[in-house]
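Model the placement of chain B on the given structure of chain A, informed by the hints.
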Amino acid sequence: MKILMLGWELPPYNSGGLGVACYHLAKALADHGADIQFVLPSTAEHDEVDFMRVLKPQSTMRTTTQTTYRVNPNPYTGNLTAIRELQSEYEDYIETVIALERPDVVHAHDWLTLRAGMRAKAVSGVPLIAHVHATEFDRAGGNYGDPLIHEIEEHGLLMADHIVAVSNTTKKVIVERYNIPADKIEVIHNSAELLESHATDISAYRYIEQLKQEDYTVVATIGRLTRQKGLTHFLRAAAQAHSRYSRFLFVIAGSGEQRDELIELSADLGIADAVIFTGFVRGQALRDVYNLADIFVMSSVSEPFGLTALEAAQHRTALSITNQSGVREVLNGTLTYDYWDERRLADQLVALALSASLRSELAHDAGLEVLQMSWKKVAAQFVDRYQVLRSATA
Amino acid sequence: MSERQIMLYLHVHQPYRVSPYSAFDIGMRHDYFIDNEQVSNEAVFRKVAEKSYLPTNRMLLKLLHTQPKFALSLSITGTFLDQCERWGPDVLRSFQELVATGRVEIVAETYYHSLAFFYSRFEFEKQVLMHREKIQQLFGVTPRVFRNTELAYNNDLAEWADSAGYVGAIAEGWDEVLGWRSPNYVYTAPGVKRLKLLLKNYRLSDDIAFRFSNQHWAEWPLTSEKYIGWLDAIDANESLINLCMDYETFGEHQWEAHGIFDFMNAWIPKWLERDGNSFVTATGAVTGHEPADEVSFERTVTWADTERDLSAWLGNSMQQEALRHLYDLEDDILHTHDSNLMHDWRMLQTSDHAYYMCTKWFRDGDVHAYFSPYNSPYDAFIYFMNAVRDLRLRLIQHAIGEENG
Chain A
3 MKILMLGWEL
13 PPYNSGGLGV
23 ACYHLAKALA
33 DHGADIQFVL
43 PSTAEHDEVD
53 FMRVLKPQST
63 MRTTTQTTYR
73 VNPNPYTGNL
83 TAIRELQSEY
93 EDYIETVIAL
103 ERPDVVHAHD
113 WLTLRAGMRA
123 KAVSGVPLIA
133 HVHATEFDRA
143 GGNYGDPLIH
153 EIEEHGLLMA
163 DHIVAVSNTT
173 KKVIVERYNI
183 PADKIEVIHN
193 SAELLESHAT
203 DISAYRYIEQ
213 LKQEDYTVVA
223 TIGRLTRQKG
233 LTHFLRAAAQ
243 AHSRYSRFLF
253 VIAGSGEQRD
263 ELIELSADLG
273 IADAVIFTGF
283 VRGQALRDVY
293 NLADIFVMSS
303 VSEPFGLTAL
313 EAAQHRTALS
323 ITNQSGVREV
333 LNGTLTYDYW
343 DERRLADQLV
353 ALALSASLRS
363 ELAHDAGLEV
373 LQMSWKKVAA
383 QFVDRYQVLR
393 SATA
Chain B
129 MSERQIMLYL
139 HVHQPYRVSP
149 YSAFDIGMRH
159 DYFIDNEQVS
169 NEAVFRKVAE
179 KSYLPTNRML
189 LKLLHTQPKF
199 ALSLSITGTF
209 LDQCERWGPD
219 VLRSFQELVA
229 TGRVEIVAET
239 YYHSLAFFYS
249 RFEFEKQVLM
259 HREKIQQLFG
269 VTPRVFRNTE
279 LAYNNDLAEW
289 ADSAGYVGAI
299 AEGWDEVLGW
309 RSPNYVYTAP
319 GVKRLKLLLK
329 NYRLSDDIAF
339 RFSNQHWAEW
349 PLTSEKYIGW
359 LDAIDANESL
369 INLCMDYETF
379 GEHQWEAHGI
389 FDFMNAWIPK
399 WLERDGNSFV
409 TATGAVTGHE
419 PADEVSFERT
429 VTWADTERDL
439 SAWLGNSMQQ
449 EALRHLYDLE
459 DDILHTHDSN
469 LMHDWRMLQT
479 SDHAYYMCTK
489 WFRDGDVHAY
499 FSPYNSPYDA
509 FIYFMNAVRD
519 LRLRLIQHAI
529 GEENG
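Read top to bottom, the protein sequences are chains A and B. Per my numbering, the first sequence runs over residues 3 to 396. Per my numbering, the second sequence runs over residues 129 to 533.
Hints in this document: simulated from the structure, not taken from any laboratory. Don't take each hint at face value.
[As the list claims (entries may be wrong)] One side of the interface only, derived from the structure: several residues of chain B facing chain A at Cβ under 8 Å:
hint: 1; residue: A151
hint: 2; residue: G155
hint: 3; residue: L189
hint: 4; residue: L192
hint: 5; residue: L457
hint: 6; residue: F499
hint: 7; residue: Y502
hint: 8; residue: N503
hint: 9; residue: S504
hint: 10; residue: R517
hint: 11; residue: D518
hint: 12; residue: L521
hint: 13; residue: L523
Computed from a predicted model, the values in this text were never measured in an experiment. Ideal Cβ positions, reconstructed from N, Cα and C, are used throughout, including at glycine.
Extracted from the complex, chain A is given alone in its bound form (with noise of 0.2 Å):
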């Protein structure tokens, strides 16, 4: 089975949890005998993956050095001409990839590369699926967002001779707000790939351990600080709960536009000391936060999947997810609670601060769920269907 899987990025040089669930899918389905093209508009080098054949736009080499990469813009953040620029070279591409070798199945991760699914199925009359990791009205966090983005979503999505959702959250979007008739949307959760963890007792936050052994108790969100996050209303939450309970950390770790803001909130607030920004984190630093959290929230105001929190139930962490997340489908051990019900996170915040059963016992549910699933079985599923759509275009 021949797959040209369209992406944008891949781990380590990823902005958000899109490049890991693709470097993961891929993965697992190079295990069950898929053999994957992955095409990518960056130059970065990818030496480490051995499992699939990673290809880049020539032209886009020629900034190439050494030891500099050119930053593709970054999908949430960048500036829009910068990415369709981008974009517009990806597509001229695809054609190249597609007369050297034909593939079963196109497979296109997010509005980025929709475009060149498009392409793909165009010229070549393969069979596209449309992986929709996030909508652009997830992206928004409430808001309407951009008008060409929705278009290319929406014209691509029709185009798609099959949608995979991550979550029925996110499949209830696109069936509402793109109007996609319901059957042609599949729903295939993300899983969660064991972080490994490299045995050191040297913690990249000596602080915050020593804090843990005064009693206080560590809260903690990792994501891109951004409004589809939520994470004003986490703060406040966190104020309430520390007008109660003066014994919590609040660990907010990735980078943002909203960053500045979040900043001055907790200030306002009067909690900027109870609140720690650690910046962009990836691997040790990043471990390290899950274990030292005693709670995890995901205070999306709109979350497609969150894998962030199966990455926190792996760790042991007792979870707090809104029910705007597409994990809470997957995941029962948890406590849930309207983004904007800040008042009810405080309260969770507080309760779960005071009571270390009620922390274990969800931190021991969430986990053996999560211990359930695998990229695998993912996996598995995108190839039975990968084989329905090659069948029905032979």
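Just chain B now, kept in the frame of chain A:
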């Protein structure tokens, strides 16, 4: 012939800027002020030394040698003197040469250029004492006139300075406080026994300090004739003019290429030619003039910005939070008697750290008015708060060490 005196007062300061200090540095390293690629205290010091301190001191020393009636006053912070000892013995020597003439007075202030007066009287007094000892050690003189950081002054400060034995204090001659009164007299303050107040003539001071090379200024270019004309236009009864400004005006804020040194070298000797005209030190001004009236500063007035308040340091909640948490550590820090901890805690009190967190310029649209080594006020806040957290961690570790020891 009527007598007229000018009290020229220059403020010399460099902070120790906090280097980018992340959440991952907490507990791992304690060198908050170490130089790196982004923030180099040494590089700034040497740059300003070459552009300002050395040439300005040459100019001042020459004026002192050639003009017997020239005198001035300086406030020099402890953090500046520390930097001199590390990176500028030549700079330190040039200041010592000025003071050795006997016509250059050094004014008292806090060692760390801090706002401690508004947070802890105990700590404030300690820093004033440290500064006094440093000045005695390096210059062999004892300050008699007080200036608070950024000229932040109010009635409480007057009472404190009076009871601490100072004969004078320097403050902004701000219209909202003075009303119809002129800054060109000596005043007294409510409830003081002998303290006299020297008020900055901000118009004539800022003509040099801020406007000198501004080509959009209607009076540009400023010539010595014009400036002397303005001095002469003042009512003859107003016998004391206090020109107060940052020392870095000369060569750093106003460039040599724009003629700031030539201007000073021209108007000072020329103005001194006239009988009855002389320069005076701060103590000389205080002792040589009788108070014209009592002036009450109900609220704190500084020499900064159009608001003349502390809003550039304490105007937003980040700044308030940062200083609140820093000063909250006072008792714990002092109880350790650990000189490294106390030193770092005091270095973080330098008001410049809070200044770098200022967001006022978002509204003013005047980004360049606020010099900062950081990408944004938010970064300044993050690095500072992380350093405060590390201090707290060190306190905890110190306590554990005590128990075990």
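Evaluated hints:
no.	hint	verdict
1	A151	holds (5 Å)
2	G155	holds (3 Å)
3	L189	violated (47 Å)
4	L192	violated (48 Å)
5	L457	violated (11 Å)
6	F499	violated (19 Å)
7	Y502	violated (12 Å)
8	N503	violated (10 Å)
9	S504	holds (6 Å)
10	R517	holds (5 Å)
11	D518	holds (7 Å)
12	L521	holds (5 Å)
13	L523	violated (10 Å)
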